[in-house]
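Protein sequences appear in the order of chains E and W. Per the numbering used here, the first sequence starts with residue 1, numbered consecutively. Per the numbering used here, the second sequence starts with residue 1, numbered consecutively.
Among the hints, a few may not be true.
[To be verified] In silico negatives: residues of chain E with every beta carbon more than 10 angstroms from chain W: (1) Q57; (2) I70; (3) L92; (4) L130; (5) A177; (6) Y195; (7) Q204.
[Said to hold, decoys possible] Some chain W residues judged to face chain E by a derived CB distance under 8 angstroms, without partners named: (8) T21; (9) Y29; (10) L64.
Don't read these hints as lab results, they were simulated from the structure. Glycine included, each C-beta is placed from N, C-alpha and C at the ideal position.
Number of protein chains: 2
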Amino acid sequence: MITLYDYLDSGNGYKVRLLLTQLGIPYRYVDVDIMRGETRTPQFLAMNLDGRIPTIQLEDGRYLAQSDAILWYLAEGTAFLPAERYARAQVLQWMFFEQYSHEPYVATPRFIVRHLPADDPRRGELPQRLVRGRAALEVMEKHLQSRSYFVDERYGIADIALYAYTHVAEDGGLELAPYPKLRAWLARVAGQKPYVGLLDRPPQI
Amino acid sequence: MITLYDYLDSGNGYKVRLLLTQLGIPYRYVDVDIMRGETRTPQFLAMNLDGRIPTIQLEDGRYLAQSDAILWYLAEGTAFLPAERYARAQVLQWMFFEQYSHEPYVATPRFIVRHLPADDPRRGELPQRLVRGRAALEVMEKHLQSRSYFVDERYGIADIALYAYTHVAEDGGLELAPYPKLRAWLARVAGQKPYVGLLDRPPQI
Numbered sequence: 001m002i003t004l005y006d007y008l009d010s011g012n013g014y015k016v017r018l019l020l021t022q023l024g025i026p027y028r029y030v031d032v033d034i035m036r037g038e039t040r041t042p043q044f045l046a047m048n049l050d051g052r053i054p055t056i057q058l059e060d061g062r063y064l065a066q067s068d069a070i071l072w073y074l075a076e077g078t079a080f081l082p083a084e085r086y087a088r089a090q091v092l093q094w095m096f097f098e099q100y101s102h103e104p105y106v107a108t109p110r111f112i113v114r115h116l117p118a119d120d121p122r123r124g125e126l127p128q129r130l131v132r133g134r135a136a137l138e139v140m141e142k143h144l145q146s147r148s149y150f151v152d153e154r155y156g157i158a159d160i161a162l163y164a165y166t167h168v169a170e171d172g173g174l175e176l177a178p179y180p181k182l183r184a185w186l187a188r189v190a191g192q193k194p195y196v197g198l199l200d201r202p203p204q205i
Numbered sequence: 001m002i003t004l005y006d007y008l009d010s011g012n013g014y015k016v017r018l019l020l021t022q023l024g025i026p027y028r029y030v031d032v033d034i035m036r037g038e039t040r041t042p043q044f045l046a047m048n049l050d051g052r053i054p055t056i057q058l059e060d061g062r063y064l065a066q067s068d069a070i071l072w073y074l075a076e077g078t079a080f081l082p083a084e085r086y087a088r089a090q091v092l093q094w095m096f097f098e099q100y101s102h103e104p105y106v107a108t109p110r111f112i113v114r115h116l117p118a119d120d121p122r123r124g125e126l127p128q129r130l131v132r133g134r135a136a137l138e139v140m141e142k143h144l145q146s147r148s149y150f151v152d153e154r155y156g157i158a159d160i161a162l163y164a165y166t167h168v169a170e171d172g173g174l175e176l177a178p179y180p181k182l183r184a185w186l187a188r189v190a191g192q193k194p195y196v197g198l199l200d201r202p203p204q205i
């Protein structure tokens, strides 16, 4: 059985939980407290040198890290990842957009607001991060003007990757009201069954 | 023929130039001056909503952005990308590591040092970025303790993605002397023929 090393409040981990659920793959969930440095222990670094969740252990014992690489691995050969070469590259384009132009400006503000003390100096980063967060949401809104999903008009891992932190962007101070197409897409993703929420604790197996 | 929209000093663009050269694929090179806002014109945004180079136009007219997604597209079916599922996911793991944990802390300091005025306030970001840059180089050094290349002991696009900004990390103030395995790997990559340098201007076609 796959083991998922994760932190419940992480949108990156949630991507993997949502896809595993929708693929009907049971998994063992191991809570790793990133706020207590549990990703920087020698034991954890032996699984993932970069010391981050999510990290999965496959049934054969091998490890894989980086949320979007894990999504790709799990989705291969399923309806969540197209077979055609250009469509597959577009999935990656959006997943790299997510990690480079979106996550640091949509997810990080949420982390700062939810997990750091009111007087933490990192709160000073918020205004600049939110400017770039709005730019990322604007890119998504424009792409969705004429589309129902990010690639090939079919729900898949590019949508899961972008949904994870976008649907909770308001937690970090990014209003979603100005983006009607984006909100309609969020509702379409949330309507995919079976659905689990970001903070739904996985069953203990 | 493929058209590459690029900025010569960009390591992200260089990844694509190096792979195109090594695959023997001729391409048309179009210089886009990111310092003059040429990636934010309506014409450029029609090719890539996120307004970034590198962006390629395929022979059929379609566009693809994000350097590592472009590498994946071009390398598919070649010796630069393994065929086996876990190895492919590891390639992605390292490419997402590159964009998330490496590029902002290895490439951005180089950009700040080379392109922003001496009194630019963004120079204040350098110390913190360099701390995380050294952490990224440390991860690479540890991974290379027992390996010649990043995935499957074979040169490929994970190496190209990581090489692009690592081999010029000193431009941004990151010393490479403390990382002997990393330097040996850099030399192995630089020994791959045909090789082009980051600042070698592509031939006009």
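Comparing the hints with the structure gives:
At roughly 12 angstroms from the closest C-beta of chain W, the C-beta of Q57(E) stays outside 10 angstroms, upholding its exclusion from the interface. Look at I70(E): its CB is around 7 angstroms from the nearest CB on chain W, not clear of 10 angstroms, so calling it non-interface is violated. Residue-level check failed: L92(E) sits 4 angstroms from the nearest beta carbon of chain W, not beyond 10 angstroms. No Cβ of chain W approaches the Cβ of L130(E) within 10 angstroms, the least distance being about 17 angstroms, so the stated non-interface status holds.
The beta carbon of A177(E) is kept farther than 10 angstroms from every beta carbon of chain W, the shortest such distance being approximately 21 angstroms. Y195(E), annotated as away from the interface, keeps every beta carbon of chain W farther than 10 angstroms; the closest lies near 25 angstroms. In this structure Q204(E) is separated from chain W by more than 10 angstroms, as the shortest Cβ-Cβ distance comes to about 27 angstroms. Here the hint on T21(W) is broken, as its CB sits about 20 angstroms from the closest CB of chain E, past 8 angstroms.
The interface hint given for Y29(W) is broken, as the beta carbon of that residue sits about 20 angstroms from the closest beta carbon of chain E, more than 8 angstroms. A distance limit of 8 angstroms between C-beta atoms decides the matter here; for L64(W) the minimum to chain E is near 6 angstroms, and the interface restraint holds.
In the structure shown, a violation is registered for the earlier hints numbered 2, 3, 8, 9, in ascending order.
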